[in-house]
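Based on the provided sequences and hints, a complete structural model is requested.
Okay, so the sequence shown: first residue is 1 according to my numbering, each after it adds one.
Simulated from the structure, these hints should not be mistaken for laboratory data. Since the model is a prediction, treat every value here as computed from it, not as a measurement. Hints are not guaranteed to be accurate.
Stated by the list, open to error - List time: in silico EDC-like cross-link candidates among lysine to aspartate or glutamate, alpha-carbon distance up to 20 angstroms: (1) LYS81 to ASP113; (2) LYS71 to ASP23; (3) LYS85 to ASP69; (4) LYS81 to GLU52; (5) LYS85 to GLU56; (6) LYS24 to GLU61; (7) LYS81 to GLU129; (8) LYS119 to ASP146; (9) LYS71 to GLU129; (10) LYS85 to GLU61; (11) LYS24 to ASP79; (12) LYS24 to ASP83; (13) LYS71 to ASP113; (14) LYS24 to ASP88; (15) LYS53 to GLU65; (16) LYS24 to GLU52; (17) LYS71 to ASP111; (18) LYS71 to ASP36.
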Amino acid sequence: MLFLRLGLILILWLCSMSAALADKRVALLLAAEDYDYVRPLTNPLNDARALEKVLEGLDFEVFVETNRDLKRTRRALDDFKEDAKGADVALLFFAGHGVALDGVNYLLPTDADASSAEKLTETALPLSEAQDAIRAVAPVAIILLDACRDDPFSSGGKEGRGAAALDDDPPLENGSSRQA
1 MLFLRLGLIL
11 ILWLCSMSAA
21 LADKRVALLL
31 AAEDYDYVRP
41 LTNPLNDARA
51 LEKVLEGLDF
61 EVFVETNRDL
71 KRTRRALDDF
81 KEDAKGADVA
91 LLFFAGHGVA
101 LDGVNYLLPT
111 DADASSAEKL
121 TETALPLSEA
131 QDAIRAVAPV
141 AIILLDACRD
151 DPFSSGGKEG
161 RGAAALDDDP
171 PLENGSSRQA
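So, in structure tokens, the structure goes:
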């Protein structure tokens, strides 16, 4: 909950700083609770709905997708890229399970299969794919992750706990970075 509050404070600050310049603001909120093969969660939908209200109050056009499998999650990202064309600010929020495996961060859609590392990489969404999608939409791209850091898998296999280090953003044409 503290993370969500801090994230909201950051969003409010960023939006107020760029309000004069940001004519079009869009947000895609992804929330997964009802997993097929992984322990279900209880708060992602509540968190997404709470954030939706805050963002709508800040004049964001908000798209909410809940309990989607990998195919539908990818379709939501593709649809968002199309719907968000011309946006000044784009925000992606994910609430659900996340995991790092072999140094790669994954967001787990509802059909993620953790029975083996191979199945996991086939059924989870690489965070980099979501990052690429949101960065393609607008000059200001914000990504908020509320991913459960507990190991959601019952086996003691190779699956990692928590998040792997994120790669640095490539510099913009003027040499500055996108990271704060």
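- Item | Index of numbered hints that the structure contradicts, given in increasing order | Structure breaks hints 1, 2, 3 and 8.
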